[in-house]
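**Student:** Residue strings, one per chain:
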Amino acid sequence: MAPLRPVSLDEIESIAIGAWILGTGGGGSPYLALLNLRRLYREGTVVSLMDPADLADEDRVAVVSNMGAPLVGQERLTDPRTIAQAVRMMEEVIGQRFRAIMSLEIGGGNSLQPFMAAALLDLPVVDADCMGRAFPEAQMTSFAIHDLQMYPLTLVDVRDNAVVVARAASWKWMERLSRTACVAVGSIASTCKAPRTGKEVRECAILYSTSKALRIGHAVRAARRAHEDPILAVLALEGGLRLFAGKIQDVDRRATEGFLRGTATIDGLDDFRGHTMRLAFQNEFAVAWLDEAPRATTPDLICVIDTVSGDAIGTETLRYGQRVTVIALPAPPILLTPKGIEHVGPRAFGYDLDFVSVFA
Amino acid sequence: MRRIGIDVGGTNTDAVLLEGDRVVHAVKTPTTPDVTTGIVSALERLTASMPAGTGAVDAVMIGTTHFTNAVVQRRDLTPVAAVRIGLPASASLPPFEDWPEDLARLVRGEVFMVEGGHEYDGRPIVPLDTAAIRQAGRRIRERGLTAAAVASVFSPLNPTCEEEAARILLAECPGLSVTCSHDLGRIGLLERENATLLNACLVDLAGRTTRGFMEALIRSEIRAPLYITQNDGTVLPAEQARQFPVYSFASGPTNSMRGAAFLSKRDDAIVVDVGGTTTDIGALRHGFPREANNVVEIGGVRTLFRMPDLLSLGLGGGSLVAPEPLAVGPLSVGYRLTERARVFGGPDLTVTDIGVAARLLELGARERVADLPASLVERTLARISGMIEEGVDRMKTEAAPVPLIAVGGGCFVIPERLAGVSEVVHVPHQAVANAVGAAIAQVSGEVDQIFQGLPREEAIARARELAEERAVRAGADPASLQVVEVEDLPLAYLPGNSLRTRVRVVGDIASDSSAGR
Chain V
1 MAPLRPVSLD
11 EIESIAIGAW
21 ILGTGGGGSP
31 YLALLNLRRL
41 YREGTVVSLM
51 DPADLADEDR
61 VAVVSNMGAP
71 LVGQERLTDP
81 RTIAQAVRMM
91 EEVIGQRFRA
101 IMSLEIGGGN
111 SLQPFMAAAL
121 LDLPVVDADC
131 MGRAFPEAQM
141 TSFAIHDLQM
151 YPLTLVDVRD
161 NAVVVARAAS
171 WKWMERLSRT
181 ACVAVGSIAS
191 TCKAPRTGKE
201 VRECAILYST
211 SKALRIGHAV
221 RAARRAHEDP
231 ILAVLALEGG
241 LRLFAGKIQD
251 VDRRATEGFL
261 RGTATIDGLD
271 DFRGHTMRLA
281 FQNEFAVAWL
291 DEAPRATTPD
301 LICVIDTVSG
311 DAIGTETLRY
321 GQRVTVIALP
331 APPILLTPKG
341 IEHVGPRAFG
351 YDLDFVSVFA
Chain A
1001 MRRIGIDVGG
1011 TNTDAVLLEG
1021 DRVVHAVKTP
1031 TTPDVTTGIV
1041 SALERLTASM
1051 PAGTGAVDAV
1061 MIGTTHFTNA
1071 VVQRRDLTPV
1081 AAVRIGLPAS
1091 ASLPPFEDWP
1101 EDLARLVRGE
1111 VFMVEGGHEY
1121 DGRPIVPLDT
1131 AAIRQAGRRI
1141 RERGLTAAAV
1151 ASVFSPLNPT
1161 CEEEAARILL
1171 AECPGLSVTC
1181 SHDLGRIGLL
1191 ERENATLLNA
1201 CLVDLAGRTT
1211 RGFMEALIRS
1221 EIRAPLYITQ
1231 NDGTVLPAEQ
1241 ARQFPVYSFA
1251 SGPTNSMRGA
1261 AFLSKRDDAI
1271 VVDVGGTTTD
1281 IGALRHGFPR
1291 EANNVVEIGG
1301 VRTLFRMPDL
1311 LSLGLGGGSL
1321 VAPEPLAVGP
1331 LSVGYRLTER
1341 ARVFGGPDLT
1351 VTDIGVAARL
1361 LELGARERVA
1371 DLPASLVERT
1381 LARISGMIEE
1391 GVDRMKTEAA
1401 PVPLIAVGGG
1411 CFVIPERLAG
1421 VSEVVHVPHQ
1431 AVANAVGAAI
1441 AQVSGEVDQI
1451 FQGLPREEAI
1461 ARARELAEER
1471 AVRAGADPAS
1481 LQVVEVEDLP
1491 LAYLPGNSLR
1501 TRVRVVGDIA
1511 SDSSAGR
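If you read the sequences in order, they're chains V and A. When we follow the numbering used here, the leftmost residue of the first sequence carries the number 1, and every step to the right adds one. When we follow the numbering used here, the leftmost residue of the second sequence carries the number 1001, and every step to the right adds one.
In isolation and in its complexed conformation, chain A is listed as follows (with noise of 0.2 Å):
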């Protein structure tokens, strides 16, 4: 089983080809604007690795943040019709309540109010006004909107309005990309239609995007299946993931703290991963992240989405460092590094530059930054320390001090003692965790479906072997099958005691398979 992962992000495009449970190879290039010639040249380092005459690489999982950056830093994202259905009920509060103002004139490219959608009891509201969704099928022509965003009230537990304006959108106008919020999932109108108008807004994104993972590959003449990882530490077959970018939206960090267990063969610890702009910080329990407790948010809209509990700080190894008085980021130069960073002859002086004048790691030419203050180098580091030491204790449940995995290409920054931490474990492979985290990518089985007349335990039993059917069949190790998410929701208004329930299991990638494509 030959596997190579990816991860491109803001700063760095990381690889590594695994064979087994074995990183024979790793390489970090710097992302390009285009992403795909980065992703070129991560991969032509890499297969230039491999002996000539191995076999062909298995699968190729790829992570992104560029769909969550996309949001945060407000580029790329496709104005949106927003479709929602439910009126009169829940009309004070229209799509786009409480999105930050920015955002929402960036993504609001219309909003239609419609009357329509489902009781919690399976009964119309009001019957869907279709006239009303052909004519927003018209105006959305008119005006040239190629994405819309369609919820429904109780959507999922009857998805046949969403259904129906769906159709009725495309037929007025083909080619239309459409959202559909019971696809996205979970009962809480506002938050479930903001998922929507988030993915609506990336699925042309997201497209182009993929093409480009697709024509690296086939630029670097790798006929292999590709996977785009998932919240979850799942991947999803490209073709499918496009559709859904807003599933990504986390996969970068969940990525690296899935990589970092994997490489230091521990399950519980906190990970703190260190990049170009950024230092997440998260919580390993039993290999998987923690899960943040509550509403998410992203780019400062509220979601469900099910993520790992992470703490960011504006703390990178592009960080730019003002002397007097002190401050370290938040701004950082990001891919730009190699042009703009002292040991580079850039002129701004970064963390990077910091950590080559304190001899914490070996980068472009060190004479450049000996003028640097001896007093200057130690302050900064004092701070950084202090950053993180403050980020840990925050992100730690017990008071017991715990062992740290230090990941990330602005690692080294991390000092050897903190408080509050029993160890600073270093692995192999650091820098490129988040790589060896895309490449361990788990296939998943997902069941969501209504059960009638059993009771819940059994109700659950039963979606869990289905589960693990799908996973089975999807090419999963049976026997490294686990369940990650068990959710139901009474239906009172079927007879007989009706659950819809939902599981997910996660299982390794059979080794000796060729499932999974």
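Only chain V is shown next, with the shape it has when bound in the complex (with noise of 0.2 Å):
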């Protein structure tokens, strides 16, 4: 068994890079996430990550993540105690102790939850995730995929609010559940998901997502130091495609049941002048449409990146006038199989489209 491995601050650095880029424009920013991990850092902390090879069968694994309208949690800012508490209710329902904590999404500032209850509770982080991106919904995970069991979930606030869900029929009553707690909160909370085995993590999860966002984030940042351009040097490292580049020429947004639905049109620039890019949004970047016809759609990652320095835009930071490029990275290969299509495909977000991968 490999000995567990420290993550220093300046690796969190870069997943905190990676992690955004990989959100799709949700998952909100990691910057909140980070400030408390610096200041968590400064005090001493340093968090282990663990290999998911490493975890014996019958371990138990905490999936964290925070949950709510990324809007909501500019303004409600992260705090690390409320995800540790969210931990140690699990703990108390299901009378037993965790073997270690992991993210229920890589993309955007929950991935770097774990790392912040972990920091509070002296647990490893699992090098893994279980959408390998950032999406909205609680059926839309590589566990809900594999039909595994939806509940308990424990979801906490800042006040001291607590809601167990004991048992859902489905993973959508799951998501209608917890989602009417979240909102009931504020729109914002955190939650421990069900819990995991060790071996349901080692077959389910998307394993080393934690590593993928670590590697992203250090190439963006040895691009910006070589005075590169750190799109290129993402899309030559996890094979993606330059969609489009331009301006953003409007950005409607609507604050609906929780969530941030809405639409962005790009203006093309450079190559790409005198065509439209149409984004369609709820939290993430859902679907892309070049000129009225679709170009990409869930679940392949539909990125868009501030032009210049490379940092990936979320869909709450969308702005009039913003340079962006609009970039496509491959999806999990759980996703993209026919129950995977079925969870988080176009039609699991009610476009009437085919998934065709930019991929195929």
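Simulated from the structure, these hints should not be mistaken for laboratory data. Any given hint might turn out to be false.
Claimed, not checked - Within a straight-line C-alpha distance of at most 27 Å, the following computed DSS-like cross-link-like pairs (lysine-lysine) qualify:
hint	chain 1	residue 1	chain 2	residue 2
1	A	Lys-1265	A	Lys-1396
2	V	Lys-172	V	Lys-199
3	A	Lys-1265	V	Lys-247
4	A	Lys-1265	A	Lys-1028
5	A	Lys-1396	V	Lys-247
6	V	Lys-339	V	Lys-199
Stated by the list, open to error - Listing some non-contacts, in silico: residues in chain V with all C-beta distances to chain A over 12 Å:
hint	residue
7	Leu-4
8	Pro-52
9	Ala-56
10	Leu-71
11	Glu-92
12	Gly-95
13	Leu-148
14	Pro-152
15	Val-158
16	Gly-186
17	Gly-198
18	Asp-270
19	Asp-291
20	Thr-317
21	Arg-347
22	Asp-354
To be verified - The following label-pair restraints were derived from C-beta to C-beta distances:
hint	chain 1	residue 1	chain 2	residue 2	range
23	A	Ile-1450	V	Ser-309	32 to 40 Å
24	A	Pro-1403	V	Glu-228	21 to 29 Å
25	A	Lys-1265	V	Ser-357	37 to 45 Å
26	V	Ser-309	A	Ser-1049	41 to 49 Å
27	A	Leu-1326	V	Tyr-351	58 to 66 Å
Don't be surprised by glycine CBs; every beta carbon is placed ideally from N, CA and C.
Using the hints, build the complex out of the two chains.
**Tutor:** What follows is the structure, encoded as structure tokens:
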């Protein structure tokens, strides 16, 4: 069994950059979670990363995420104590101790939530998640695609409110019940999802996605230091595609049912001059149309990146006039299976489109 | 229509007199430590050129980098009481989080974190702890702090906690200057709070500076309304502007780029402004500076201001030149050029000395730099040319060569041929483009209100009409109005499809109008 690997603060800085790109516009900016971790590291914390291969079959793994609207997260700032509290509560509910903590989604700020909880609970973080990106709803995970049990779930807020969803009839019901509780406490809450065994993680999670975020973040930072194009560096590293480059012409956002929904329109620049790309989002970018024809759809990762800096841009920080490049990155294979497409394909987001991968 | 535009920079105070669209006279004087004296001498020289009996000046517009410089150079900042309302939310990241420690040490007077704030849906997080605010007020009085910054969770959607807190603080400490975060803007607690803290630590300096400006006008016997230019190329009456010094943070570069567009009659180009200490490179799109995409850092502090997208190089006319190994800047003699530079008999070798030796400009005594080896002059100019080329390349968004407008007192260093540049455009009065930009600053009209039951397009159209009405009332020429900002924020909690809509329009001051006072 390989020893646990201590993760340096510098590596966490890279994970934050990579995870923000993998967030496909959602998951919330990792900036505030990063500030919390800088503070925790200043106080002497070092979190360790665990290879999922080292989990024993019967080990218990906590799956954590900060749930809610990214816009709300910019005002009600994420706090390590609430995510740790959600994990502690789950231990009380199941009467067992956790061996390690993992992220629900590697995309966005949730990539760092397990690190924040781990810092306070003195547990390692598993190098895995169950989305390989960010998605808005509970049933959009590899665990759901594998039909694993979806309950119990614990949800806590800063006021010491806590909810346990003891059972749910389906993933959709789990989403509905937990979403209702989340909206009730102000559309932001810390959650611990259904606990997983080591075996379930090894067989059904998306493995080594923390390392992937780290790798992407390193590449962006190295390109910046060398005054090279960070976007090209990411495309080369991950086998991605440049879909469009231009300037944001319009953003239409609506906050509904605890989600941020809307569209963004981009006018082409340079080699895309005269063309228009329209992006639809529900927290994350779901569909990209090039001149009214579908160009890319979920689960392919549609990422909007600042053309100059290489920083990802979230659906809540899109703004008129921004110069952006839209890229596609390959989705984890499990999401591309017929069952995967059922859970996270365009129809799961209400778009009557067949999924055709841009990498097909 | 006769306007005076003044730019108070770190090195020079420039002033221009505009008759309609014509620059009648321009002067450049050194900035003085007290600011006022420099403006008075600039105005003296400017008005001396006006033929006797000509009509009065209609307006004076001052642009200044004074407040940004204060933050960047960590001087003249007032310690601030930071009052954060929102506990138990957001507790792990207190005010001044992620500030550079040296700046935080100067500005952090005291930090108070208090229960209160709102949810995105308008409900209180918990009731505002008014007793804690009162206690904070007493502590502020004991400590003798004079400025406070109040930031409450979701105050852009519901300002009542901040308003209530400001009332209590003022009752406890009469005379306290209180900046509330909802007056500065947007969603994003830390960034909005940062802007509020920066504003609060500058209000005192802004008051003194504005008084200095007014005194200069009085001493120069100019009886015209005084305006201060803002980040977006518009003006605010001085009395209003002094409350919000952060709004003029980027007005220097904005003025310079707007002036460059005006003088060159070009709307799309790269502008290179070489000042005494720095070179700012920006891009003009449709006559306005291209805005920075993301979070803007000022003196190392994150904010969400809309600012021109600028690349600043430590290169200016006053930059120090070290021969071996060759180094240019970033240290500069600044406004002490006339004491420190070789051509003025000073001890320091500056970029200006190199320019005089290369016969790029006439200044001071050339014989004082006659001893400089020709190879040093050549290598220094090549280095400068490389710095500018790289900067221009970084600011370009397309591969094709673009025109470059050269402005600023140090623009003699810009060579005629540069990689990636189609032509170098020189304009008359290029050394005072920033003052010209101030003089042509526009008036704006802004609407920020909640519309109910209207589709988004109609809400924006309605807001636009209202903003245009306001701009025209403030003296704008209706034909020149342009929308510069549209922002809408859905308020899910209010009935009937509510939308907070913010529209800002700008227009030229109507030439036949005495409006705008």
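**Student:** All the hints need checking, so say for each whether the structure fits it.
**Tutor:** Consistency of the hints with the structure:
At most 27 Å may separate the alpha-carbon atoms for a hinted pair to count; Lys-1265 (chain A) and Lys-1396 (chain A) meet this at roughly 20 Å. In summary, the hint linking Lys-172 (chain V) to Lys-199 (chain V) is supported, as the alpha carbons are separated by about 24 Å, within the 27 Å threshold. In summary, the hint linking Lys-1265 (chain A) to Lys-247 (chain V) is supported, as the alpha carbons are separated by about 24 Å, within the 27 Å threshold. Proximity of Lys-1265 (chain A) to Lys-1028 (chain A) is assessed by CA-CA distance (about 23 Å); at most 27 Å being required, the pair is judged to hold.
Straight-line distance between C-alpha atoms of Lys-1396 (chain A) and Lys-247 (chain V) comes to about 14 Å, which keeps the hinted pair within the 27 Å bound. Between Lys-339 (chain V) and Lys-199 (chain V), the direct Cα distance comes to roughly 21 Å. Compliance with the 27 Å bound is thereby established for this hinted pair. Even its closest Cβ contact with chain A, about 25 Å, leaves Leu-4 (chain V) beyond 12 Å, as expected for a residue assigned away from the interface. No Cβ of chain A comes within 12 Å of the Cβ of Pro-52 (chain V); the nearest lies about 29 Å off, and the non-interface call holds.
The claim that Ala-56 (chain V) is not at the interface with chain A holds, since no C-beta of that chain comes within 12 Å of its own (minimum 33 Å). Here Leu-71 (chain V) does not stay apart from chain A, with its beta-carbon only about 6 Å from theirs, under the 12 Å limit. With a least beta-carbon separation of about 21 Å from chain A, Glu-92 (chain V) lies farther than 12 Å from that chain, consistent with its non-interface assignment. Look at Gly-95 (chain V): its CB is around 28 Å from the nearest CB on chain A, clear of 12 Å, so calling it non-interface holds up.
For Leu-148 (chain V), the requirement that its beta carbon stay farther than 12 Å from each beta carbon of chain A is met, with the minimum near 32 Å. For Pro-152 (chain V), the requirement that its beta carbon stay farther than 12 Å from each beta carbon of chain A is met, with the minimum near 25 Å. At roughly 4 Å from the closest C-beta of chain A, the C-beta of Val-158 (chain V) falls inside 12 Å, breaking its exclusion from the interface. Residue placement check: Gly-186 (chain V) does not keep its beta carbon more than 12 Å from all beta carbons of chain A (closest about 4 Å).
Non-interface call for Gly-198 (chain V) relative to chain A: holds, since the shortest CB-CB distance, roughly 31 Å, exceeds 12 Å. The beta carbon of Asp-270 (chain V) sits about 5 Å from the closest Cβ of chain A, which is not more than 12 Å, so the claim that it is off the interface is violated. A cut-off of 12 Å between C-beta atoms confirms that Asp-291 (chain V) is not in contact with chain A; the least separation is 21 Å. Residue-level check failed: Thr-317 (chain V) sits 7 Å from the nearest beta carbon of chain A, not beyond 12 Å.
At roughly 26 Å from the closest C-beta of chain A, the C-beta of Arg-347 (chain V) stays outside 12 Å, upholding its exclusion from the interface. Separation of Asp-354 (chain V) from chain A is adequate, the least Cβ-Cβ distance of about 30 Å exceeding the 12 Å criterion. In this structure the hint that Ile-1450 (chain A) and Ser-309 (chain V) lie 32 to 40 Å apart at CB holds, the actual value being about 34 Å. About 27 Å separates the C-beta atoms of Pro-1403 (chain A) and Glu-228 (chain V), a value consistent with the hinted range of 21 to 29 Å.
Between Lys-1265 (chain A) and Ser-357 (chain V) the C-beta distance comes to about 50 Å, which lies outside the given range of 37 to 45 Å. Remark: the range hint 41 to 49 Å for Ser-309 (chain V) to Ser-1049 (chain A) is upheld by a beta-carbon distance near 46 Å. Evaluation of the 58 to 66 Å hint for Leu-1326 (chain A) and Tyr-351 (chain V) yields a pass: the beta carbon distance comes to about 60 Å.
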